[in-house]
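Undergrad: Please assemble the complex out of the two chains, which come individually in their own frames, going by the hints.
What follows is the residue order along each chain.
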Amino acid sequence: MELLWILIKILIVFAVVMFHVMYATYFERKVIGHMQVRMGPMRVGPHGILQPIADGLKLFFKEDIIPTVADRKVFYAAPLICLISALSAVAVVPFFEGFAIANINIGILYIFAMSSLASYGVVLAGWSSNSKYSFLGGLRSSAQVISYEVAMGLSLVGVMMLSGSLNLTDIVHAQMKSPFKIYLIPQIIGFFVFVIAMFAETNRTPFDLPEAESELVAGYCTEYSGMRFALFFMAEYIGMIVMSCLAVVCFLGGWSGPFDVPGIPFFWFLIKVYFFIFVYYWVRATLPRYRYDQLMALGWKVLIPLALLNIVLTGIIKSMFG
Amino acid sequence: MKIQYDTKKNLAERIFLLEILKGLGLTLKRLFSKSVTIQYPKERKELFPGFRGKHALIRDPKTQDTRCVACMRCATVCPARCISIRFSVDEKTRARKVESYEIDALRCIFCGYCEEVCPVNAVVLTEEYEYSNYTREPFHFDMERLLKNWDEFLEKNKVDPDQYRNPFLRPRGLSIGDLPVGKRIDVPEEWTLEGQVIWKDGKAVSAKDAVSE
Chain Y
1 MELLWILIKI
11 LIVFAVVMFH
21 VMYATYFERK
31 VIGHMQVRMG
41 PMRVGPHGIL
51 QPIADGLKLF
61 FKEDIIPTVA
71 DRKVFYAAPL
81 ICLISALSAV
91 AVVPFFEGFA
101 IANINIGILY
111 IFAMSSLASY
121 GVVLAGWSSN
131 SKYSFLGGLR
141 SSAQVISYEV
151 AMGLSLVGVM
161 MLSGSLNLTD
171 IVHAQMKSPF
181 KIYLIPQIIG
191 FFVFVIAMFA
201 ETNRTPFDLP
211 EAESELVAGY
221 CTEYSGMRFA
231 LFFMAEYIGM
241 IVMSCLAVVC
251 FLGGWSGPFD
261 VPGIPFFWFL
271 IKVYFFIFVY
281 YWVRATLPRY
291 RYDQLMALGW
301 KVLIPLALLN
311 IVLTGIIKSM
321 FG
Chain A
1 MKIQYDTKKN
11 LAERIFLLEI
21 LKGLGLTLKR
31 LFSKSVTIQY
41 PKERKELFPG
51 FRGKHALIRD
61 PKTQDTRCVA
71 CMRCATVCPA
81 RCISIRFSVD
91 EKTRARKVES
101 YEIDALRCIF
111 CGYCEEVCPV
121 NAVVLTEEYE
131 YSNYTREPFH
141 FDMERLLKNW
151 DEFLEKNKVD
161 PDQYRNPFLR
171 PRGLSIGDLP
181 VGKRIDVPEE
191 WTLEGQVIWK
201 DGKAVSAKDA
211 VSE
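Read top to bottom, the protein sequences are chains Y and A. If you're matching positions, the first sequence starts at 1 in this note's numbering and goes up one per residue. If you're matching positions, the second sequence starts at 1 in this note's numbering and goes up one per residue.
Just chain A, same shape as in the assembly (with noise of 0.2 angstroms):
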């Protein structure tokens, strides 16, 4: 096999240079176009619906304590073990009582799988992203600190609880019937089942329709 490492040019290219001509060209025209650059401190990026960042417990607006009900489910399909639960069974009710929820954010990969799968809409990652530090203490949360986080979150953002929808609180383009219901949540239209666009075999097809094939 022969590699041809130079291009055939005829020989206007080869006299007058024209790649390098048309690469300062390029250059040129790029000095006059806007620069992508975000000035971070100044300005932020706009996050998307389902940005997984710092984990918190939802603060239930009835009750003002977590909803968890230590079904272990979170801890069971997280891939990095970051979550661990301690529970009790009451006597009469048999009923869990959640003791302890602590996950530690520097084993957490952020998949998301934990707020997946809760069947009530526990925990959550929310869209906050900078809390780095200098020591490896503050990144461990325990249950009092993931309420806080909740709260911390919905005071800076000014986010509605009642209000707040995210991906994963209800998982896309799946019927109602298939969610447990503490998930059976109100989502924008285009999140649910029927109204979800999904790519398939080189067109935007429903959602529903490509479930039903």
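Bound-form chain Y, shown alone (with noise of 0.2 angstroms):
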């Protein structure tokens, strides 16, 4: 009876984030197009509207190219590196009050793990292309990932620290009992780093270096059409899903909310990450690229000192107050 109570969770799960997936490219196609006064896709249904199916259409049915030079077993390996551990990163969120696929007490550990498996499938995507770009991706990508991961794993110590926790739910529980009810204000250093820091991690602009489309074509997946293409797209996605729910639970306190939406046990925690999902695309239609030496920069010298100091503080007043 657990597993299958297991089981059709996963499948629940699984259906809103794809779901999620889809809408997510129309909609940053259509933030980004407003911004920029145009208008974005307009012309497969209403506004748009099935334009994410359409893509998907298209994406399912073209010829699936490999490489001659390519390193095969690794190229077939790596889009589903990518996906698989940014899909396993989703089970240990919690959406709502006791709603978890797996409510493990690493939870914060679980996610960084898998965020840097993740990375694996990017460098193993371009490593085995056997192309200069998808090279060059790769190599950024893992430049950028090894950096910016320390500065993320750093500006959550101080949520660890003030909720005695590694277990998500719990730091939820701990922030509701907190005087703030979220951490986003006694955290709010680490707060600036951990937002920044996960920009970089999901390789979105400003730190998309590994896919840089003007001058790496479209980095690690440049070899990759097809289906393959669409799996990189999707674990990107499903990435940027999974560190706007870290960043709920750790700093706006998960599903809390100011007030309880009747029926809907996870409403403020969408308005959350449907909030940070928008700040992803409205950074992509501000700011251009980093370049490499200052992604290098901000991330030694900037962030991992920060992130330092954030915890030093923490420390003070955890023994000053707590």
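In short, the hints are calculated from the structure, not lab data. A few of these clues could be false.
[Claimed, not checked] Straight-line Cα separation of at most 25 angstroms, DSS-like style, residue types lysine-lysine; simulated pairs: (1) Y:LYS132 - Y:LYS73; (2) A:LYS34 - A:LYS45; (3) A:LYS9 - Y:LYS301; (4) Y:LYS301 - A:LYS45; (5) A:LYS45 - A:LYS156.
[As the list claims (entries may be wrong)] Partner residues aside, some chain A positions facing chain Y, computed with beta carbon under 8 angstroms: (6) LEU24; (7) THR27; (8) ARG30; (9) SER33; (10) SER35; (11) ILE185.
[What the hints assert, rightly or not] To list a few chain A residues with every Cβ distance to chain Y over 10 angstroms, as calculated: (12) GLY23; (13) LYS34; (14) LYS45; (15) MET72; (16) ARG136; (17) LYS183; (18) ALA210.
Heads up, the beta-carbon is just placed ideally off N, CA and C, and yes, glycines get one too.
TA: So, in structure tokens, the structure goes:
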């Protein structure tokens, strides 16, 4: 019975996440279009509402091209590594009270592990394609993810100290009991570092160097086509959703809100996640890409010291008041 | 010379990334502005008078034929040399008669010199612009085709041939005495020498005053 319930949960979460991925692409194009005083997709269905379905069909029926010089086994595996690690990270996210596929004690660490694994997919895709653009994309990705993983981990240490747990559900509960109800206020430095590291971790603008289309064609997925390319695409969007969920759970109080919405326990959670996804698009429409050395300088010289400072400050506050 | 790549910022700008916030504010403002897109097949751009589109020979309402007198001015002025005309001369009256009038639209650069220079307003560039095709053949207009272009243009745009005006049929800012007889047609006030306003020395002045100075 327990197993069946978990399977049903997995199915529901998978379907919901995939639906969100579909419409995340649509809203990205719409939001960025309107920010650039364009309209975005308009032709498939009213206001282009069926565009994601058309895109999906197109990608599904596209020819699957594999370069003759590619390392085939790794080439096949890379998009799967990306997608599977991105999807598995969703398992520990608590969407509302008592609803998480796996309520494990090391939730944050697990998400970190999975997002690091996803970068293996990127690196292997870059390496196995046997193409200079893919190779450079993979190389940049590994450097970037390693640098920002550190800052991201350190930025969440403050949250762990305040809540005394790595379990995502416990973190939300601890926030509800805390004086400000959310950790955004006592952890504002941590939040700042986390948001920047979150952009870098998911390879989004202004840190989209691994796929930098103006210099590297499409970076690590240059040689991929059809459904294999779509897998990378899905992994990227699931990564965005997971990172937004993590930000909501750790800093914005998860599913709790100013008032309860009857019947929809995940209402506030979704609103907050949508806000973060919107910020992703918003930033993409606003900022140009960082140069490689600026990216490294920001990661090592600004974010990591800031995160360490945050840990020290949190420790002082905790020892004085807690 | 020292190139300053990074502009000087004060402490507040450095810490709170004010420039990035300003940029975010701008994009957010644009999100709620009206988009400039014209949804092409459904909506079309409004064309200005004098738009230079598909070529046509005006069909004279009286004779039901072209007004062309084979003066060869259009073929002479054409920078792309896309107009070729053959004519015959009547032995007694010495009057010219057009035998063939051909425009190769693929060579045309749509400068509008031909319609501007035509003394009888025979050739015109209509406001029609959707005539792409898969082969070169349809772009080679002979006289019959050019007259038909005019008929189609009138029919499609519901234009009265007597009312059709185009800035090239009576070039703007010229007095009536400077124009050949065929170009002395009634036009809106602002196209005439008296009515046209031009920009000179940072002031809007009447074209007539500018010419007399």
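Undergrad: Compare the structure with each hint and give your call.
TA: A quick look at each hint next to the structure:
1. With a C-alpha separation of about 19 angstroms, the suggested pair LYS132 of chain Y and LYS73 of chain Y falls inside the 25 angstroms cut-off, and the hint holds.
2. Restraint check: the Cα-Cα separation between LYS34 of chain A and LYS45 of chain A comes to about 16 angstroms, which is no more than 25 angstroms; the hinted pair holds.
3. With a CA separation close to 19 angstroms, the supplied pair LYS9 of chain A and LYS301 of chain Y stays within the 25 angstroms bound.
4. With a C-alpha separation of about 52 angstroms, the suggested pair LYS301 of chain Y and LYS45 of chain A falls outside the 25 angstroms cut-off, and the hint is violated.
5. The suggested pairing of LYS45 of chain A with LYS156 of chain A holds, with an alpha-carbon distance near 16 angstroms, which does not exceed 25 angstroms.
6. At its closest, the beta carbon of LEU24 of chain A sits 5 angstroms from a beta carbon of chain Y; the interface hint therefore holds under the 8 angstroms criterion.
7. Here the hint on THR27 of chain A is kept, as its CB sits about 5 angstroms from the closest CB of chain Y, short of 8 angstroms.
8. The beta carbon of ARG30 of chain A comes within 5 angstroms of a beta carbon in chain Y, closer than 8 angstroms, and the hint placing it at the interface holds.
9. At its closest, the beta carbon of SER33 of chain A sits 6 angstroms from a beta carbon of chain Y; the interface hint therefore holds under the 8 angstroms criterion.
10. Interface restraint check for SER35 of chain A: the shortest CB-CB distance to chain Y comes to about 5 angstroms, inside 8 angstroms, so the restraint holds.
11. Look at ILE185 of chain A: its Cβ only gets to about 41 angstroms from chain Y, farther than 8 angstroms, so that hint breaks.
12. Not every Cβ of chain Y is farther than 10 angstroms from the Cβ of GLY23 of chain A; the closest lies at roughly 5 angstroms, contradicting the non-interface assignment.
13. Annotated as non-interface, LYS34 of chain A brings its C-beta within 10 angstroms of a C-beta of chain Y; the closest such distance is 8 angstroms.
14. Here LYS45 of chain A stays apart from chain Y, with its beta-carbon at least about 16 angstroms from theirs, past the 10 angstroms limit.
15. The Cβ of MET72 of chain A sits about 48 angstroms from the closest Cβ of chain Y, beyond the 10 angstroms cut-off, so the non-interface label holds.
16. With a least beta-carbon separation of about 31 angstroms from chain Y, ARG136 of chain A lies farther than 10 angstroms from that chain, consistent with its non-interface assignment.
17. Distance check on LYS183 of chain A: its Cβ is at least 42 angstroms (rounded) from any Cβ of chain Y, clearing the 10 angstroms threshold; non-interface status holds.
18. Here ALA210 of chain A stays apart from chain Y, with its beta-carbon at least about 38 angstroms from theirs, past the 10 angstroms limit.
Hint compliance for this structure: hints 4, 11, 12 and 13 are not met, and every other hint is.
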